[in-house]
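Residue numbers (the numbering used here), protein chains in the order written: chain A, 2 to 430; chain B, 241 to 479.
Mixed in with the good hints there might be a few duds.
What the hints assert, rightly or not - To be clear about the criterion: a stretch of chain B counts as covered by chain A if any three or more of its residues have a C-beta under 8 Å from a C-beta of chain A, and this derived list gives those stretches:
id, stretch
1, 269-277
2, 353-365
Unchecked claim - DSBU-like, lysine-lysine: derived pairs with alpha carbons at most 35 Å apart:
id, chain 1, residue 1, chain 2, residue 2
3, A, Lys45, A, Lys299
4, A, Lys107, A, Lys227
5, A, Lys227, B, Lys379
6, B, Lys442, A, Lys252
7, B, Lys379, A, Lys104
8, A, Lys45, B, Lys379
9, B, Lys379, A, Lys255
10, A, Lys148, B, Lys379
11, A, Lys45, A, Lys255
Calculated directly from the structure, the hints in this document are not laboratory data.
Glycine included, every Cβ here is placed at the ideal spot set by N, Cα and C.
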Amino acid sequence: MHAFKEGDCLNTSQPAQSTGPSASPDSRGADRSTEEAASLELRKVTKRYPGQDQAAIEDLSLQVEAGEICVLVGPSGCGKTTAMRLVNRMIEPTEGDILIDGKSVKDRTPAELRRHVGYAIQQIGLFPHLSVADNIGTVPHLLGWDKQRISDRVDELLELVSLDPHDTRDRYPAQLSGGQRQRVGVARALAADPPLMLMDEPFGAIDPINRERLQNEFLRLQAQIKKTVVFVTHDIDEAIKIGDRIAVLKKGGKLAQYATPAELLMYPADGFVEDFVGADRALKRLALQRVRDIDLWKAAEARVGEDTREVRRKIDDADLTIPLLVDDRRHPIGWLSHRALEGERVEEKLRSPAEPIVELDDILRDALSDLLSSETRYAPVVDGRGQAAGVLSLEVIGRFLHTAPTDARTGAELVADEDTEATAEAAEA
Amino acid sequence: MSLVEALAVPLAQVEIQERSGESCVAENGFCPEWIADNFDRYVTPFSEHVYLTVVSVGVGFIIAFTLALIAHRRQWLISPIAGVTGVLYTIPSLAAFFLLQPITGRGNLTAIVALVAYTLLILFRNMMTGLAGVSPDAKDAARGMGLTERQMLWRVELPLATPEILAGLRIATTTTIGLATLAFFAGGGGLGAQIDAQIFFKSNVVVAGGLAVLLAAVFDVLILGAQRLATPWQRAQPA
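Go ahead and model the full structure; you've got the sequences and the hints to work with.
Right, dumping it as structure tokens:
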């Protein structure tokens with residue numbers, strides 16, 4: 002089922018790529034265009050097809066900052082793909098203008114424009130008659146790069162998308178698995194280091210397990226290369242996970258809301274957005290936050306043999322009346338029974354072990370899931386060294402859901418600095 | 241077929257008189273010895289046949305390819321071109337060889353013009369089928385990456401249509417080799433002339449006819465081989 006290598010998926014040990022393609026070994030060429038991410042603006046764009054009453058896109062204005070992922074999301078027929086294809090002039094607008102780095106796309110020929118805008122589609126559209134290397138080298142070849150430079154770039158990109166260049170470059174698309182083809186498609190779109198990428202449901206045809214993996218990989222890749230990306234999807238969960246900003250479109254290509262994922266979930270602009278985001282939007286918000294991002298309860302920590310009067314003082318000061326027994330290194334052991342405080346010194350009499358233990362870096366949704374599955378209302382939180390750092394409770398999470406998402410992070414940031422736990426999970430699956 | 245008989249009978253008699261010592265020939269059997277002795281008489285008809293085939297298919301391919309490229313850009317031309325080439329295809333070949341003579345005279349040219357006409361429908365149809373069968377996703381990706389229409393045609397569409405195009409070429413070549421055996425009616429020579437020269441002598445008919453079949457088989461294998469060389473991606477096994 003998983004034809005590609007498990008260990009490679011979340012490969013974080015690629016120092017050669019860590020500073021982005023511009024710093025890679027093949028940047029020696031003087032003509033090397035190390036293009037920075039570009040800003041994108043759709044300015045009052047309307048697209049009308051002859052003979053149709055309703056416009057495909059109506060008066061759409063969007064601004065995408067350089068290096069951001071803008072997700073276009075909406076039900077089928079909302080014009081999200083049309084909107085994306087306006088950017089590289091695959092479709093010409095009826096009215097309005099589109100600006101890349103402040104310059105109108107109309108001032109460039111379609112072919113020249115498209116060679117500088119990465120393009121990846123759901124069907125991938127790899128050329129069946131060309132090897133993986135030739136597929137990836139398509140645009141560099143059009144741009145007149147020399148053979149050696151194209152070859153170096155192909156290897157670099159294959160490594161970037163976690164494929165083994167030696168093993169993959171001479172294969173034909175028919176010899177790849179679905180996930181591998183998808184990666185080659187992304188590598189091909191990145192080939193000439195375009196400052197702007199268009200991606201139309203690039204993970205749409207992949208099974209759920211591999212899709213999640215490819216999404217994570219993509220976000221990790223984006224953290225390295227920091228392109229401006231226009232990403233089309235019909236899947237609101239994917240939009241929330243991938244997007245720095247999300248444009249929700251409704252039928253007729255009208256913009257319903259353009260906001261960060263957290264804003265979208267907290268303040269849907271209207272009933273349509275609210276419906277589209279789904280009834281579980283509160284839970285979706287939890288997926289955007291880590292345990293460390295919210296105000297935890299303070300626990301009364303106690304050690305075996307500690308003065309009980311001291312512990313009682315701490316309890317008065319804490320948010321939870323039940324003291325948490327910790328060992329010498331402040332690692333949580335369990336919740337103390339009230340009988341443990343009956344004497345002068347704290348005894349090791351537990352009402353329950355410290356189960357589950359939540360980490361500061363856990364995604365809030367996962368932490369909540371841990372609480373619920375352990376049938377408990379609260380759990381100790383530990384930091385990276387395993388030391389007690391507070392208490393997470395259902396009340397704390399409930400309070401968080403009623404506060405404004407001022408400092409909510411985006412899914413992209415969350416995944417980008419996530420460690421290898423996803424790999425472990427995927428490998429188990 | 242009085243014409244054929246009138247030519248064949250005296251020639252056969254000459255033949256028998258020359259080789260009167262051999263009873264096989266006298267009995268009109270299949271005579272390997274005679275074939276070995278007389279093989280050189282097939283060299284010229286055979287090379288004429290190859291010439292007719294190669295030139296006709298070559299010219300036909302160029303014309304059909306040009307028409308296909310035009311029709312690919314202007315899709316409304318597909319039906320009229322297919323119609324005209326279809327009509328050409330239905331003209332009985334024997335009739336064509338005679339009908340053309342007042343215009344092009346007797347000889348190679350007439351034979352080639354007729355043979356070319358018969359290749360057009362097959363070649364054109366297959367080219368259009370091949371071009372129409374190119375994955376729209378690959379074309380969309382090609383456009384989206386900034387290939388011009390011309391680059392897309394030569395780098396994506398034609399390579400991907402190659403199997404269909406070469407399949408058409410194989411059929412057209414085989415058909416032409418068969419039809420070219422009638423080219424002698426237009427004065428074009430070929431193996432047909434040799435068959436006709438001694439049509440009642442089995443050894444002759446077997447050798448001349450056999451050479452035509454062999455020629456068709458060789459061309460078929462050659463084109464098939466070319467196709468395999470040109471489309472290695474078609475044989476790529478999923479890993």
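Hints, verified against the model:
| no. | hint | verdict |
| --- | --- | --- |
| 1 | 269-277 | violated (count 0) |
| 2 | 353-365 | violated (count 0) |
| 3 | A:Lys45 - A:Lys299 | 51 Å, violated |
| 4 | A:Lys107 - A:Lys227 | 25 Å, holds |
| 5 | A:Lys227 - B:Lys379 | 28 Å, holds |
| 6 | B:Lys442 - A:Lys252 | 79 Å, violated |
| 7 | B:Lys379 - A:Lys104 | 27 Å, holds |
| 8 | A:Lys45 - B:Lys379 | 30 Å, holds |
| 9 | B:Lys379 - A:Lys255 | 29 Å, holds |
| 10 | A:Lys148 - B:Lys379 | 24 Å, holds |
| 11 | A:Lys45 - A:Lys255 | 11 Å, holds |
Violated hints, listed in ascending order, are 1, 2, 3 and 6; each of the other numbered hints is respected by the structure.
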